[in-house]
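Student: I would like the entire structure built from these sequences, with the hints used as guidance.
Just so we're aligned, residue 1 is where the sequence shown starts under full-length UniProt numbering, counting upward by one.
Honestly, the hints are just simulated from the structure, not real lab data. Don't take each hint at face value.
What the hints assert, rightly or not - Label pairs and their computed distance ranges (CB to CB): (1) V42 with K126: 18 to 24 Å; (2) K174 with A99: 37 to 43 Å; (3) H113 with A139: 16 to 22 Å; (4) V151 with H113: 46 to 52 Å; (5) A43 with G122: 23 to 29 Å; (6) L192 with A132: 20 to 26 Å; (7) I121 with K174: 50 to 56 Å; (8) S178 with L128: 38 to 44 Å; (9) V42 with L217: 28 to 34 Å; (10) V151 with L127: 32 to 38 Å; (11) S83 with I211: 25 to 31 Å; (12) A212 with S84: 51 to 57 Å; (13) S84 with F106: 30 to 36 Å.
Every residue gets a Cβ at the ideal spot worked out from N, C-alpha and C, and that includes glycine.
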Amino acid sequence: MLASPVNQLLLQLAIADMGNLIFCSPDAAMALLDRGWLLPNVACPIIRFLQEYSLYASVLFQMTIGIERFMAICTPMRMQRFSSRTTIIVTSGIWTMAAAFAFPYFLHMGIVHHFCYWMNIGNKTKLLFKYAEFLVLYALPLVMLTGVYTVMGRVLWGSSETIASEQQQVAILKLRRSVVKMLIISMLLYFLCYTPIQGLFIMEAFFNVYIALPKWLRLLFNALSVMRIVLIPRKEDHLGVLDPEDYRPIAYLNITTQLSEIYSAAAVYFLFRFKHVLEPLFFPTRKYL
1 MLASPVNQLL
11 LQLAIADMGN
21 LIFCSPDAAM
31 ALLDRGWLLP
41 NVACPIIRFL
51 QEYSLYASVL
61 FQMTIGIERF
71 MAICTPMRMQ
81 RFSSRTTIIV
91 TSGIWTMAAA
101 FAFPYFLHMG
111 IVHHFCYWMN
121 IGNKTKLLFK
131 YAEFLVLYAL
141 PLVMLTGVYT
151 VMGRVLWGSS
161 ETIASEQQQV
171 AILKLRRSVV
181 KMLIISMLLY
191 FLCYTPIQGL
201 FIMEAFFNVY
211 IALPKWLRLL
221 FNALSVMRIV
231 LIPRKEDHLG
241 VLDPEDYRPI
251 AYLNITTQLS
261 EIYSAAAVYF
271 LFRFKHVLEP
281 LFFPTRKYL
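Tutor: Shown next, in the form of structure tokens:
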């Protein structure tokens, strides 16, 4: 049912991913135009905060869903599953924690030479923050989710006969496998899309060298982090985690998300394709300092 913990968490994950896509689209469009920050100056810290806010929330919800599925599948008798009250508390805590993690972007982002960039923060402080961001957004989820999904895979696929004979619920086992398959695909896509940009950061931070890459390649690495949202499967009705009567609200959200993805992709393509036509019209005399 829709009120079950996993469905509530999947709903929150979809909202976070949709927010990440929407708030990353202006940056992608302006990067393709290569004309600096074109929005009002006050929008710079707000948009960067909202980007990171939704990104942190997405990662934390993925980790929470992994833990919830682990508790439901691997330790159903020893560990109490999420209740409705616990789910509400956890959801509120995740959104609050994500806001706290993203708050430095609101404080220290501003317009520097026509670009939205860090300001009023020391290089050492910024580097320490980026290390913490790497741990929270990449390293910790990688280790934790790999561990819990490995254990779940062994339980669901390694002892299927035992589970079926004990519970006599082959259909439920099948549905649980489908859910875990979707979550594993989601996890793999997340790390596949984030590994290039995080690997570049680690190489430059640890070896203290600047890796000269074409601008388009760096832009592609950043775009991959947004593309993961389009690639992640969202057909929860095929996973067996929703009853047909309860599917309509999340189906509406999925349609909204997919429409925003199509709109954003079309807008970015249009700006890139007709950049040479739009620049003389909108920026005929603009010069940089």
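Student: None of the hints should be skipped; say for each whether it holds.
Tutor: Each hint tested on the structure:
no.: 1; hint: V42 with K126: 18 to 24 Å; in the structure: holds (22 Å)
no.: 2; hint: K174 with A99: 37 to 43 Å; in the structure: holds (39 Å)
no.: 3; hint: H113 with A139: 16 to 22 Å; in the structure: violated (33 Å)
no.: 4; hint: V151 with H113: 46 to 52 Å; in the structure: holds (50 Å)
no.: 5; hint: A43 with G122: 23 to 29 Å; in the structure: holds (25 Å)
no.: 6; hint: L192 with A132: 20 to 26 Å; in the structure: holds (23 Å)
no.: 7; hint: I121 with K174: 50 to 56 Å; in the structure: holds (51 Å)
no.: 8; hint: S178 with L128: 38 to 44 Å; in the structure: holds (42 Å)
no.: 9; hint: V42 with L217: 28 to 34 Å; in the structure: holds (31 Å)
no.: 10; hint: V151 with L127: 32 to 38 Å; in the structure: holds (35 Å)
no.: 11; hint: S83 with I211: 25 to 31 Å; in the structure: violated (48 Å)
no.: 12; hint: A212 with S84: 51 to 57 Å; in the structure: holds (53 Å)
no.: 13; hint: S84 with F106: 30 to 36 Å; in the structure: holds (32 Å)
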